[in-house]
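Listed below are the residues making up each chain.
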Amino acid sequence: MFAFLAIAIIATRRIRPPSVQDLSGAFQDLDRSITKFVPDMPAGYTWGEAVERLKGAGVKVDWSKMESSLAEYEAFRYGGRDVPRGGEDEVVRLSMKIRRRIVGYRNKGKSTGAD
Amino acid sequence: MDTGIKERVLEQIRKVVVGRDREAELLLVSFLSGGHVLLEGVPGVSKTILAKSFAKCMGLEFKRVQFTPDMLPMDMVGGFVFNMKDREFEFRQGPVFTNLLLADEINRAPPKVQSALLEAMQEGQVTVEGLTQKLPFPFMVIATQNPQEFQGVYPLPENQLDRFLMKITLPYPDSSTESKIIRRNLDEMDTGDVKEVFEPKELEGILHQVEKVQVSDEVIDYLSTIAEETRKEKRLSLGASPRAMVHLIHCGRANAYLAGRDFVIPEDIKSVSSYVLAHRLKLDQSAVLTGTVADPSQVVQDIFTKVRPPR
Numbered sequence: 050m051f052a053f054l055a056i057a058i059i060a061t062r063r064i065r066p067p068s069v070q071d072l073s074g075a076f077q078d079l080d081r082s083i084t085k086f087v088p089d090m091p092a093g094y095t096w097g098e099a100v101e102r103l104k105g106a107g108v109k110v111d112w113s114k115m116e117s118s119l120a121e122y123e124a125f126r127y128g129g130r131d132v133p134r135g136g137e138d139e140v141v142r143l144s145m146k147i148r149r150r151i152v153g154y155r156n157k158g159k160s161t162g163a164d
Numbered sequence: 046m047d048t049g050i051k052e053r054v055l056e057q058i059r060k061v062v063v064g065r066d067r068e069a070e071l072l073l074v075s076f077l078s079g080g081h082v083l084l085e086g087v088p089g090v091s092k093t094i095l096a097k098s099f100a101k102c103m104g105l106e107f108k109r110v111q112f113t114p115d116m117l118p119m120d121m122v123g124g125f126v127f128n129m130k131d132r133e134f135e136f137r138q139g140p141v142f143t144n145l146l147l148a149d150e151i152n153r154a155p156p157k158v159q160s161a162l163l164e165a166m167q168e169g170q171v172t173v174e175g176l177t178q179k180l181p182f183p184f185m186v187i188a189t190q191n192p193q194e195f196q197g198v199y200p201l202p203e204n205q206l207d208r209f210l211m212k213i214t215l216p217y218p219d220s221s222t223e224s225k226i227i228r229r230n231l232d233e234m235d236t237g238d239v240k241e242v243f244e245p246k247e248l249e250g251i252l253h254q255v256e257k258v259q260v261s262d263e264v265i266d267y268l269s270t271i272a273e274e275t276r277k278e279k280r281l282s283l284g285a286s287p288r289a290m291v292h293l294i295h296c297g298r299a300n301a302y303l304a305g306r307d308f309v310i311p312e313d314i315k316s317v318s319s320y321v322l323a324h325r326l327k328l329d330q331s332a333v334l335t336g337t338v339a340d341p342s343q344v345v346q347d348i349f350t351k352v353r354p355p356r
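Residue numbers (our numbering), protein chains in the order written: chain A, 50 to 164; chain B, 46 to 356.
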């Protein structure tokens, strides 16, 4: 009984939302989630490829919000714009979804990564 | 920034060429990058009509040269002829003096003619008997070659291949596309249906804006890492040249511009990498003989799969 409780607490802690400061932090966290929990995503993936892959895998987030956050992040990351304010919620949600799915995979022994 | 350019061009090309959107898009990227293209494909896969319709919709002056084994350099760049009236030699421009030159079956021309194209492609000028003449701006060469021809051909050497920004292979169309092509050609079709989509001034402005697209240091470092990987790759005996990487970044800029951005993202580079790099790489013969690799594009893809882009 206590063992189950302990496992449940550990699992909850593991998928606790990360504390991110801004959109840049959210994308760095998403990168960590993808690298760690989507095993078949190659090291050389680009953000566009990741979005396509996760969308195709049926991960349910608001993809239009996600894509507009990505566009703002790219403008900051590669275009030298200021750090965008807001827009990180959907990125964090996606990151959490990826992590939760892998927990399911580990517990049930089926499905891979974000599939 | 105008993001409808690609659609405007494709709309016109689709009027006469079926199922070649990607190839037309790559021609546009090459043009905006200031580069030249090698189109490879068996006869009858719409290489020539694609080049012609592209030139027409871009509003470019177009000339076609059919390369043959008995050709001389002056047949292409021009030469001095004696003017009986003025009693002096004067320079008569060859077909290279145009905006878009279609060098049809380039591998059938002898090396002297092929190398005469080098200066034109690289410098945008030609020199004949000490007289240097600037070519019109913009200047683009679209060369074609048939990969199935082995007799009476002069394969392009590595240094010439390196001058081509992209090599685009045109495969046979799939059966549904082929049906469309046959159906469309029941009626007479020519490039007359294609309309110019740009005024010369507008085109100049676009080329100018592409040059302004910025590239971050991290993206440049990413490219350097890719170049290094091609040189370390065991399956290759010749890796990517610095010129190849410069070409790649120009394509990245053009892609970014067409996507409506004023900065390059790694995807802009990755999406055209095989077209820009594969034809410059030389496979290691032992890797080919052992069946490890058969196509340089595969090596390019493998490298881009393993090198982490800035994220």
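Note that these hints are calculated values from the structure, not bench results. All values derive from a computational prediction rather than experimental measurement. Incorrect hints may have been included.
Unchecked claim - So the derived list for chain B, only partly shown, Cβ under 7 angstroms to chain A, looks like this: (1) Arg59; (2) Phe125; (3) Val126; (4) Ser261; (5) Lys277; (6) Gly305; (7) Glu312; (8) Phe349; (9) Thr350; (10) Lys351; (11) Val352; (12) Arg353.
Even glycine gets a Cβ: it sits at the ideal position worked out from N, Cα and C.
Each hint, compared with the structure:
1. Arg59: B:Arg59 check fails; min Cβ-Cβ to chain A is 25 angstroms, beyond 7 angstroms.
2. Phe125: 51 angstroms, violated
3. Val126: Violated: closest Cβ of chain A sits about 54 angstroms from B:Val126, beyond 7 angstroms.
4. Ser261: With a closest approach of 5 angstroms, the B:Ser261 hint holds.
5. Lys277: 16 angstroms, violated
6. Gly305: 10 angstroms, violated
7. Glu312: 4 angstroms, holds
8. Phe349: The hint holds - B:Phe349 has a Cβ within 7 angstroms of chain A, the shortest such distance being about 5 angstroms.
9. Thr350: With a minimum Cβ separation of about 4 angstroms from chain A (threshold 7 angstroms), the hint on B:Thr350 holds.
10. Lys351: At about 6 angstroms, which falls below the 7 angstroms cut-off, the nearest Cβ of chain A leaves the hint on B:Lys351 intact, so it holds.
11. Val352: 5 angstroms, holds
12. Arg353: Result: holds, 5 angstroms to nearest chain A Cβ.
Hint compliance for this structure: hints 1, 2, 3, 5, 6 are not met, and every other hint is.
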